[in-house]
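**Student:** One letter stands for each residue in the lines below.
2 protein chains.
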Amino acid sequence: MAQKLEFSIRKATPDDAEDLIELIKELAIFEKFPDAPEIDAKILAHDLERKACFAFIAKYNEECAGLALYYLAYSTWQGQCIHLEDLYIRPKFRRNSLGKKLIQEVAKEAYEKKYKRISLIVFDWNQNARNLYSSLNAIDLSKDEGWLVYRFDEERIKKLALNSDL
Amino acid sequence: MAQKLEFSIRKATPDDAEDLIELIKELAIFEKFPDAPEIDAKILAHDLERKACFAFIAKYNEECAGLALYYLAYSTWQGQCIHLEDLYIRPKFRRNSLGKKLIQEVAKEAYEKKYKRISLIVFDWNQNARNLYSSLNAIDLSKDEGWLVYRFDEERIKKLALNSDL
Numbered sequence: 049m050a051q052k053l054e055f056s057i058r059k060a061t062p063d064d065a066e067d068l069i070e071l072i073k074e075l076a077i078f079e080k081f082p083d084a085p086e087i088d089a090k091i092l093a094h095d096l097e098r099k100a101c102f103a104f105i106a107k108y109n110e111e112c113a114g115l116a117l118y119y120l121a122y123s124t125w126q127g128q129c130i131h132l133e134d135l136y137i138r139p140k141f142r143r144n145s146l147g148k149k150l151i152q153e154v155a156k157e158a159y160e161k162k163y164k165r166i167s168l169i170v171f172d173w174n175q176n177a178r179n180l181y182s183s184l185n186a187i188d189l190s191k192d193e194g195w196l197v198y199r200f201d202e203e204r205i206k207k208l209a210l211n212s213d214l
Numbered sequence: 049m050a051q052k053l054e055f056s057i058r059k060a061t062p063d064d065a066e067d068l069i070e071l072i073k074e075l076a077i078f079e080k081f082p083d084a085p086e087i088d089a090k091i092l093a094h095d096l097e098r099k100a101c102f103a104f105i106a107k108y109n110e111e112c113a114g115l116a117l118y119y120l121a122y123s124t125w126q127g128q129c130i131h132l133e134d135l136y137i138r139p140k141f142r143r144n145s146l147g148k149k150l151i152q153e154v155a156k157e158a159y160e161k162k163y164k165r166i167s168l169i170v171f172d173w174n175q176n177a178r179n180l181y182s183s184l185n186a187i188d189l190s191k192d193e194g195w196l197v198y199r200f201d202e203e204r205i206k207k208l209a210l211n212s213d214l
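So the protein sequences, as listed, match chains H and D. Heads up: take any position in the first sequence, counting from 1, add 48, and you land on my numbering. Heads up: take any position in the second sequence, counting from 1, add 48, and you land on my numbering.
For reference, chain H alone in the conformation it holds in the complex (with noise of 0.2 Å):
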């Protein structure tokens, strides 16, 4: 086995917010959602400053490899804990075991501040994903307690709002 690329993985700043939006369409691309992203390397920098989210990026020498991007989210059960949103890396960079040392990070993070819980979506189609997931020891709820995920778009959000015959 050819050895493995040697990466340096660290908390994103504001500063990194132009790398990681490039990461974040690219990943929108792979999801075949190529025009969904909608915010810009400004509302991400302002975003990573107030805290309304958090990256773990991965480089190797000066080149973006990857990114684990992850909020604080709310359990009634164990209190806040962590969601991560985005996981990628990029094609190149595959098969080095990056996403495990993201998922890493992203843990020990969780356990350094007692965040009980790391929650997660993902394609079902995303057969790599969920391998690389299930490598790791994660509980597939959908399967195991049968969890489906619904949402309100804006539109629908709007409807709801000023709708009060509803």
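Do not take every clue at face value.
As the list makes no split between identical chains, a pair holds if one copy fits it or if it spans any two.
[What the hints assert, rightly or not] Here are the simulated lysine-lysine pairs, PhoX-like style, with alpha carbons at most 20 Å apart:
1) 107 to 207
2) 140 to 156
3) 207 to 148
4) 156 to 206
5) 162 to 99
6) 164 to 207
7) 148 to 90
8) 140 to 164
9) 90 to 164
10) 140 to 107
Simulated from the structure, these hints should not be mistaken for laboratory data.
Assemble the complex: chain H is given as a structure, and chain D must be docked to it using the hints.
**Tutor:** Structure of chain D alone, referenced to chain H:
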């Protein structure tokens, strides 16, 4: 059709934590995880105070009838948004459109603050809740896009954080 009961709905304060915890425990029993709630009123009061979570509380006269508890999540597509963590109506107050009213309060909050998404997860067997969300036109993302829910629990976080050989 009998006349519907009238409820007062307002934003919860840290002083409501004991009432909220009572409802949270009832919800956990309904969800078949009676021993799951690990946080107490003191922790919840502190977390409401520091805005780790937010809630709307519904009362009928002096009695607690239901709650909608949420937190500020983050989407790398749309920025800060809302995750509705718990929605619960006490059995004797059901069939009064209170679930709908509580969700509308959350939607008004989202609309005012320009949050473009309200997400939630629901058990597949909780048909009453699913009917409510569907009647309010929520998108079933698991069905439409194939999203699954995964989790690392406390034991798995510890193993990931401490095992450098994984």
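**Student:** Which hint numbers does the structure go against, in order from smallest to largest?
**Tutor:** Numbers 1, 2, 7, 8, in rising order.
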